[in-house]
Amino acid sequence: AQTVTQSQPEMSVQEAETVTLSCTYDTSESDYYLFWYKQPPSRQMILVIRQEAYKQQNATENRFSVNFQKAAKSFSLKISDSQLGDAAMYFCAYQSYNTDKLIFGTGTRLQVFP
Amino acid sequence: GAVVSQHPSWVICKSGTSVKIECRSLDFQATTMFWYRQFPKQSLMLMATSNEGSKATYEQGVEKDKFLINHASLTLSTLTVTSAHPEDSSFYICSALTTGTSGGRSTDTQYFGPGTRLTVL
Chain V
1 AQTVTQSQPE MSVQEAETVT LSCTYDTSES DYYLFWYKQP PSRQMILVIR
51 QEAYKQQNAT ENRFSVNFQK AAKSFSLKIS DSQLGDAAMY FCAYQSYNTD
101 KLIFGTGTRL QVFP
Chain U
1 GAVVSQHPSW VICKSGTSVK IECRSLDFQA TTMFWYRQFP KQSLMLMATS
51 NEGSKATYEQ GVEKDKFLIN HASLTLSTLT VTSAHPEDSS FYICSALTTG
101 TSGGRSTDTQ YFGPGTRLTV L
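Keeping their order, the protein sequence lines are chains V and U. With the numbering used here, the residue at position 46 of the first sequence is 46, and numbering never jumps. With the numbering used here, the residue at position 65 of the second sequence is 65, and numbering never jumps.
The set of hints was computed from the structure by calculation and includes no laboratory data. Source: prediction; values computed, not measured. A portion of the hints provided could be inaccurate.
Stated by the list, open to error - Computed cross-link-like contacts, DSSO-like style, restricted to lysine-lysine with a CA-CA straight-line distance of at most 30 Å:
#1 Lys73/V / Lys41/U
#2 Lys101/V / Lys20/U
#3 Lys41/U / Lys78/V
Turn these sequences into a full structure, and let the hints steer you where they fit.
If you want it as structure tokens, here you go:
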């Protein structure tokens with residue numbers, strides 16, 4: 001069975017600085033998808049970024065980028081130029097190629113200080 | 001695009017009553033929707049997969065008779081918590097799956113509703 005691990009329960013960053021959130025996963029599959037979702041205090045889950053395992057190129061979405069290391073089974077999220085609105089819980093998630101179910105990590109709470 | 005709504009956003013009910021939560025995809029059709037449960041300061045736990053026109057698939061340990069799921073149209077799935085008890089109090093979140101392909105690859109992605117906070121007294 002696949003598992004997703006987020007080893008940082010909490011992280012903090014100064015406004016305008018850069019922060020990296022870690023995620024590792026375990027799978028025997030060769031084809032899959034990885035996601036980062038953001039859950040602000042409103043508790044609305046928001047898709048941040050999506051990565052296909054077969055693509056070598058790291059996904060980017062504006063200030064958000066990932067460092068996908070398939071051999072190491074690592075999928076970290078980098079937030080550049082952090083903003084106060086980035087404060088939220090961030091969940092890493094795994095999806096097998098053959099199923100649309102998501103397996104979530106335990107989350108990392110990000111605080112952004114002015 | 002890919003907006004999902006849930007109703008109600010919060011509900012308080014008495015023990016023993018049933019509560020229905022609606023999940024709608026507003027700007028796309030969703031053959032598949034998912035229902036999750038989230039306890040305070042915890043991650044999302046998948047309860048079931050809802051498929052339009054067929055029976056839902058429940059995860060291990062989830063009581064089918066307690067959490068009734070109906071996916072009657074391509075834009076609406078409902079979760080009914082039957083004979084609710086205080087231990088059913090939780091935050092329930094649905095998601096709807098957008099489907100498609102690009103370059104021969106799946107682009108399936110889940111988009112989430114805003115959640116429903118259920119409190120059973």
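Which numbered hints does this structure break?
No hint contradicted; all consistent.
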